[in-house]
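In case you want the letters, here they are:
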Amino acid sequence: MFLPRTPLQYWVICPILGGPGQWWLGVIVWGVIGAVITGGLFVARNRSTALGVVLGAATGAVGGALLLAPLWFFLVSLLDRRCAGCGEKVAPSGGSCTHCGHEFHEPSWAESLAGAAHNIGRVIVTIEMALIIGGLILELSGKNAVDTYRVLFEQGLGTEVKRANALLAATPIIFTGLGTALAFRMGVFNMGVEGSLYMGALGAAWIGFTFVDWPGPVMIAAAFLLAMLIGGLWCLIPGYLKARLRVDEVVTTIMLNYVAIEFTSYMVQSGPFFVPGKSNGMSETIAPQAQLPRLLDRSQLNGSFIVALVCVVVVIFIMRRLTLGYELRMVGDNPLFARWSGIPLGKTILKVMFLSGVLGGMAGAGQVMGVHYNFTARFSRGYGFDGMTMALLGHNSPIGILIGALLFGVLRSGSTTVEMFTDVPIDLVDILQALIIFFVAIDLNVDFLRRRRTASKATPPQAHDGAEQNSAPVAA
Amino acid sequence: MDWINLAAATLRISAPLLLAGMAGLLSYQVGLINIALEGLMLAGAFAGVAIGYELGSTWLGVGGAVIVGAVLGAAFAFAVVTMRANLIVAGLAMNTFAVGGTAYLMKIIYDQSGTFTPEGLSKLPLLDIPLVEKIPVLGEVVSGHSPLVYISWVMVPVTSVFLYRTVVGGHIRAVGEFPNAAETAGISVKGMQYLALILGGALCGLGGAYLSLGNLALFRERMTNDRGFIALAAVYFAAARPKWTAVACLVFGFFEALQVRLQLRDTFLPNEFLNMMPYLMVVVALVLISVRKEWRKGW
Numbered sequence: 000m001f002l003p004r005t006p007l008q009y010w011v012i013c014p015i016l017g018g019p020g021q022w023w024l025g026v027i028v029w030g031v032i033g034a035v036i037t038g039g040l041f042v043a044r045n046r047s048t049a050l051g052v053v054l055g056a057a058t059g060a061v062g063g064a065l066l067l068a069p070l071w072f073f074l075v076s077l078l079d080r081r082c083a084g085c086g087e088k089v090a091p092s093g094g095s096c097t098h099c100g101h102e103f104h105e106p107s108w109a110e111s112l113a114g115a116a117h118n119i120g121r122v123i124v125t126i127e128m129a130l131i132i133g134g135l136i137l138e139l140s141g142k143n144a145v146d147t148y149r150v151l152f153e154q155g156l157g158t159e160v161k162r163a164n165a166l167l168a169a170t171p172i173i174f175t176g177l178g179t180a181l182a183f184r185m186g187v188f189n190m191g192v193e194g195s196l197y198m199g200a201l202g203a204a205w206i207g208f209t210f211v212d213w214p215g216p217v218m219i220a221a222a223f224l225l226a227m228l229i230g231g232l233w234c235l236i237p238g239y240l241k242a243r244l245r246v247d248e249v250v251t252t253i254m255l256n257y258v259a260i261e262f263t264s265y266m267v268q269s270g271p272f273f274v275p276g277k278s279n280g281m282s283e284t285i286a287p288q289a290q291l292p293r294l295l296d297r298s299q300l301n302g303s304f305i306v307a308l309v310c311v312v313v314v315i316f317i318m319r320r321l322t323l324g325y326e327l328r329m330v331g332d333n334p335l336f337a338r339w340s341g342i343p344l345g346k347t348i349l350k351v352m353f354l355s356g357v358l359g360g361m362a363g364a365g366q367v368m369g370v371h372y373n374f375t376a377r378f379s380r381g382y383g384f385d386g387m388t389m390a391l392l393g394h395n396s397p398i399g400i401l402i403g404a405l406l407f408g409v410l411r412s413g414s415t416t417v418e419m420f421t422d423v424p425i426d427l428v429d430i431l432q433a434l435i436i437f438f439v440a441i442d443l444n445v446d447f448l449r450r451r452r453t454a455s456k457a458t459p460p461q462a463h464d465g466a467e468q469n470s471a472p473v474a475a
Numbered sequence: 000m001d002w003i004n005l006a007a008a009t010l011r012i013s014a015p016l017l018l019a020g021m022a023g024l025l026s027y028q029v030g031l032i033n034i035a036l037e038g039l040m041l042a043g044a045f046a047g048v049a050i051g052y053e054l055g056s057t058w059l060g061v062g063g064a065v066i067v068g069a070v071l072g073a074a075f076a077f078a079v080v081t082m083r084a085n086l087i088v089a090g091l092a093m094n095t096f097a098v099g100g101t102a103y104l105m106k107i108i109y110d111q112s113g114t115f116t117p118e119g120l121s122k123l124p125l126l127d128i129p130l131v132e133k134i135p136v137l138g139e140v141v142s143g144h145s146p147l148v149y150i151s152w153v154m155v156p157v158t159s160v161f162l163y164r165t166v167v168g169g170h171i172r173a174v175g176e177f178p179n180a181a182e183t184a185g186i187s188v189k190g191m192q193y194l195a196l197i198l199g200g201a202l203c204g205l206g207g208a209y210l211s212l213g214n215l216a217l218f219r220e221r222m223t224n225d226r227g228f229i230a231l232a233a234v235y236f237a238a239a240r241p242k243w244t245a246v247a248c249l250v251f252g253f254f255e256a257l258q259v260r261l262q263l264r265d266t267f268l269p270n271e272f273l274n275m276m277p278y279l280m281v282v283v284a285l286v287l288i289s290v291r292k293e294w295r296k297g298w
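As you go down the protein sequences, you meet chains A and B in turn.
The first sequence begins at 0 in numbering that gives the first Met the number 0 and counts up one residue at a time.
The second sequence begins at 0 in numbering that gives the first Met the number 0 and counts up one residue at a time.
Derived from the structure by calculation, the hints contain no laboratory data.
Below, simulated SDA-like cross-link-like pairs (lysine to any residue); rule was C-alpha separation at most 20 Å, straight line:
| no. | chain 1 | residue 1 | chain 2 | residue 2 |
| --- | --- | --- | --- | --- |
| 1 | B | Lys292 | A | Gly345 |
| 2 | A | Lys346 | B | Ser289 |
| 3 | B | Lys292 | A | Leu244 |
| 4 | A | Lys142 | A | Val428 |
Only chain A is shown next, with the shape it has when bound in the complex (with noise of 0.2 Å):
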């Protein structure tokens, strides 16, 4: 590793190479790597007056600082830092350590911001891959793979209103993520967010429409609350099957999903909640007043979105400051350690659960609230999936499952008019995103180059029975 001797080398190599400490001066070098590049440019171009070369100068620090250092930090974290207590590497934020379960301090600010860079990093660097696999994929079978994506973003965030709607397209993403990742995190594979996304989208619509005389505000609530509790209660399921008698959580999620969007296809198909005159699979419309207001006057997109981002923050303070967090942080990274530290696993098993079947619940009643305004049979485009593959490419950080959802929505958002403007299918999403979730499994781009180093003394993976293994353990 690169070890800094003169002060040349120490106050600006150092920070572009990443060597020691110092993460402010790689923000700043970087910024004025930015704002030198972006200058330059404007002055390239002989038109550009002089305000324009200052401000061109200014966006590119800010580009600079808020992209190019990220993507750096990332980069660097391959030279990670290593467990004090081991000598094994470990990730580059606080928690304990994987391998003895030494525990770190608390994550200085400094720590905190060079671990979530290096989240959105990653993210950055993986969705970079899959475009760029993709847009092979593209040139092999004959297009333009420059076109497809210049129109797939323009499409995605050309104005105004399809910036809204890659907005509206990431909301569900969002809050499935979250849900996703917390139980991720605690190593638990919890597959089963979209099975309460639709138990909650559905009690969320039956509050709609049956109190059609509450004031706004007590509906939305109340809607919310329902959809939260509903959603939570179904994840009880596979959460207390896990917990009390180790039934393998990943084939029960599975499996109750689509236990779950035949149930409530039925409610609205044939069921209590069916209504003659309506097309098939639809229930009643829900009551004006309990209409999520829009943001913007020709999108779609509406107050859901304000409490994805909200539920963001929520879940940041849960896994980083609540008790609830620490438990399931430090089950996640060494279960047997957690026993051994007195923490109640079944119980923090049946909690967190619950709370990532709330998340999925409020996914549903967004959904039914802010854009369909009723419950329609197997509405779900796969939110729950797209949700775990976010929640893998974020490894489990809120912030970068935020990053994700957002890059994710532009590209699902774009890629409803794409069709329209090239020959390039649709599907071409769907590869995408099969490549980030392959890239994310095999963590080439964290993991890889310390496994070639270390893959000597590893043992085989999926060592058990079957039948008796526990959840594979997700990268956290």
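Let chain A serve as the given structure and place chain B on it in line with the hints.
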């Protein structure tokens, strides 16, 4: 109700489940849970139709599906075994990739969306078993299916013999039981994992080919319809014993056949609950298995 018809339909419907089930069983026995069955089948289904159409022969299509399945199985094994990816995540990636990839290729190559019906490609011929077809009831039930249905039945004893009566099969089970011990005994753990996943991929490809070439020669987006997960459930149900996996597949096939018939005659139970059945049964089965296990441990 037409019981003979129902029994024959059960056998037809459970054929792809049997093939995928044997694939899932192999990977379960080697200690890897194969979530990618679904995607491998879907890829096999598309490859069967596409290769069959390009080469102008249904049987070549079936062969192509097997090869594509095996290649994708090898890719999956590379990710999981060599790159040490998380099994479940890589499996989900494979499923998503198959869904997106088949739809994408269908639109790019054949400019079709939703369904691709290749012109001039016939489905596999139905096969009558020479003597059995003369027996009154049994003949009607057992005879007159697509050859792949018979292959799917043959695969059950073949898998069983392979796993329990051959050296390689024993090695596969040893790796699943206790990889470190297998390694010490000189068995190549990675080799066995590759082998199981590649064989599983080939079986899934065959199952997919049955879906797209067995009854009609056409490919539909997402035509596997979660059969991979149901097959996986059957494996869980039977704790990866070949005979009982086959029985579980037949039970699931029976439910599906029953459901198609009950839907036609508006009955006591709403369709949605019938659709739910396999999924609920899986949950119940897993719970029962766990309860038994905990019970043995002394609650």
